[in-house]
Amino acid sequence: MASIRDIRRRIKTVRNIQQITKALKMVAVARLQRAQSRATAARPYADEMLAIMRRLASVGASVEHPLLEVRETVNIGVLVITSDRGMAGSYNTNVTRKVTEIVKPYGPEHVKMVAVGKKCRAFFERAGYSLVESYPMPSSEVGLTEARQISKTLRTLFESKQVDLVHVVYTKFFSAMRQQVTDLVILPATPPEAELDPGSEDYIFEPQPTELLGSLLPRYVDTQVYRALLESLASEHGARMTAMTSATDSAGEMIDRLTLDYNRIRQAAITKEIAEIVGGANALA
Amino acid sequence: MAKTFKLEIVTPERVVYSESVSSLVAPGIHGYVGILADHAPLMAELTIGEISVTDAQGQEQHIATAGGFMQVSENAVRILADTAEFGHEIDVDRAQQSVQRAQDRLRKSEGVDHTRAQVSLLRAMNRLRVARGQ
Chain L
1 MASIRDIRRR IKTVRNIQQI TKALKMVAVA RLQRAQSRAT AARPYADEML AIMRRLASVG
61 ASVEHPLLEV RETVNIGVLV ITSDRGMAGS YNTNVTRKVT EIVKPYGPEH VKMVAVGKKC
121 RAFFERAGYS LVESYPMPSS EVGLTEARQI SKTLRTLFES KQVDLVHVVY TKFFSAMRQQ
181 VTDLVILPAT PPEAELDPGS EDYIFEPQPT ELLGSLLPRY VDTQVYRALL ESLASEHGAR
241 MTAMTSATDS AGEMIDRLTL DYNRIRQAAI TKEIAEIVGG ANALA
Chain E
286 MAKTFKLEIV TPERVVYSES VSSLVAPGIH GYVGILADHA PLMAELTIGE ISVTDAQGQE
346 QHIATAGGFM QVSENAVRIL ADTAEFGHEI DVDRAQQSVQ RAQDRLRKSE GVDHTRAQVS
406 LLRAMNRLRV ARGQ
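Chains L and E are the protein sequences, given in the same order.
Final position of the first sequence in the working numbering is 285; the numbers increase by one with none missing.
Final position of the second sequence in the working numbering is 419; the numbers increase by one with none missing.
Everything labelled a hint here was simulated from the structure, so no lab data went into it.
Among the hints, a few may not be true.
Stated by the list, open to error - Computed footprint of chain E on chain L; a stretch qualifies when at least three of its residues, placed anywhere within it, have a C-beta under 8 Å from a C-beta of chain E:
(1) 35-48
(2) 203-213
Unchecked claim - Interface residues of chain E toward chain L, partial, derived using beta-carbon atoms under 8 Å:
(3) Thr296
(4) Glu298
(5) Val301
(6) Val310
(7) Gly313
(8) Leu327
(9) Gln356
(10) Leu365
Think of the CB as a built atom: it goes at the ideal place given N, C-alpha and C, for glycine as much as any other residue.
Required output: the full structure, derived from the provided sequences and hints.
Shown next as structure tokens:
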């Protein structure tokens, strides 16, 4: 049976751990709110861009744009978005598992990885895939500049025909409790469908619709990458919040249980002592 | 009072401007485009330059942009800008520094992506111009 001192020490340890998990949880809550509001702020632009592309598609803008070229798929590129830090439950494992599934049919020599976040970089280096580039995952804010850089790397890979298809694997954010790993093929780009009802408006285009679409496409890819980053960041904090909440709760339960044990043993020791004193007194009498 | 229309300027990061305005001048790729109420439907690409807005009260405002797209329809204008900053939001010192940096890069002839340096010079000079209200 554990001694009083052992139990006291364990209670202290668990309490320390609880403090850490609690702090992590608070940070995650604050960052989650920020990440969520940024994701919301980015929505109007993305929606508007879709609307314009639809409009262009409905006036029959068709282009031979390098980003639209559909080729036979031999080599693929994958953008993997994970976090720099752990302590987020199964957040990172879910992503890497999905990626493993996607790349399986191609074989390591046909896969080029672009990694965001330390966690997946380490994983894929171990698994022997070639990493083209890796970026850190900022823990508080995702900048548009980073998104553009990443997007440019992907576009260059695709345009130079080093890869024939580009997947993005990220975690879609639904709520603090629910996130889902999502696989999106962003290249070759598939412009949205034409509007069903093009309306009667007769647009003046400057420059021609085809050229317009050509300069919209790279930005469209940028926006999708940016969005994936924003969603992943929100998901990361959501996952961490959930994981740390349950860690804090179980630490609390453990403390309760240990305290109970501690009191029981202490009580037993006191009772024993009293019994001894009484026994001793009786022997003298 | 002049007739007004709705103007919305959005960047990938946020909605920068959303008001009723009476006139707008934007930097189209073939030259500046002026828009008043009841303009014909238009879709245009924008380049680096200054967006000037006159609101319903006749107040003028200047916004520096690095390009984007503009859609005019049903008396509403939506601008999708790569960047958009009000003149008073621009950090003049920083803009000056980036002008300097871009110029330095242009002077060195090797190992520099000239087009890129030129574009960043244009962008920085534009921001500076808008910030100073010239």
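Now the hints, each set against the structure:
With 7 residues having a Cβ less than 8 Å from any Cβ of chain E, the stretch 35-48 of chain L passes the three-residue criterion, so the hint holds. With 8 residues having a Cβ less than 8 Å from any Cβ of chain E, the stretch 203-213 of chain L passes the three-residue criterion, so the hint holds. For Thr296/E, the suggested interface contact is upheld, since its CB lies about 6 Å from the closest CB of chain L, less than 8 Å. Proximity of Glu298/E to chain L holds as hinted, the smallest CB-CB distance being about 6 Å (cut-off 8 Å).
Interface hint status for Val301/E: violated, as the beta-carbon distance to the closest one in chain L is roughly 10 Å, over 8 Å. Taking 8 Å as the C-beta contact cut-off toward chain L, the hint placing Val310/E at the interface is violated, the least distance being around 15 Å. Annotation: interface hint on Gly313/E holds; nearest CB of chain L at approximately 6 Å, less than 8 Å. The beta carbon of Leu327/E is positioned within 8 Å of a beta carbon in chain L (closest approach about 5 Å), and the interface hint is therefore held.
This hint holds: Gln356/E has a C-beta 6 Å from the nearest C-beta of chain L, less than the 8 Å allowed. Hint status for Leu365/E: holds, given a least beta-carbon distance of 5 Å to chain L, under 8 Å.
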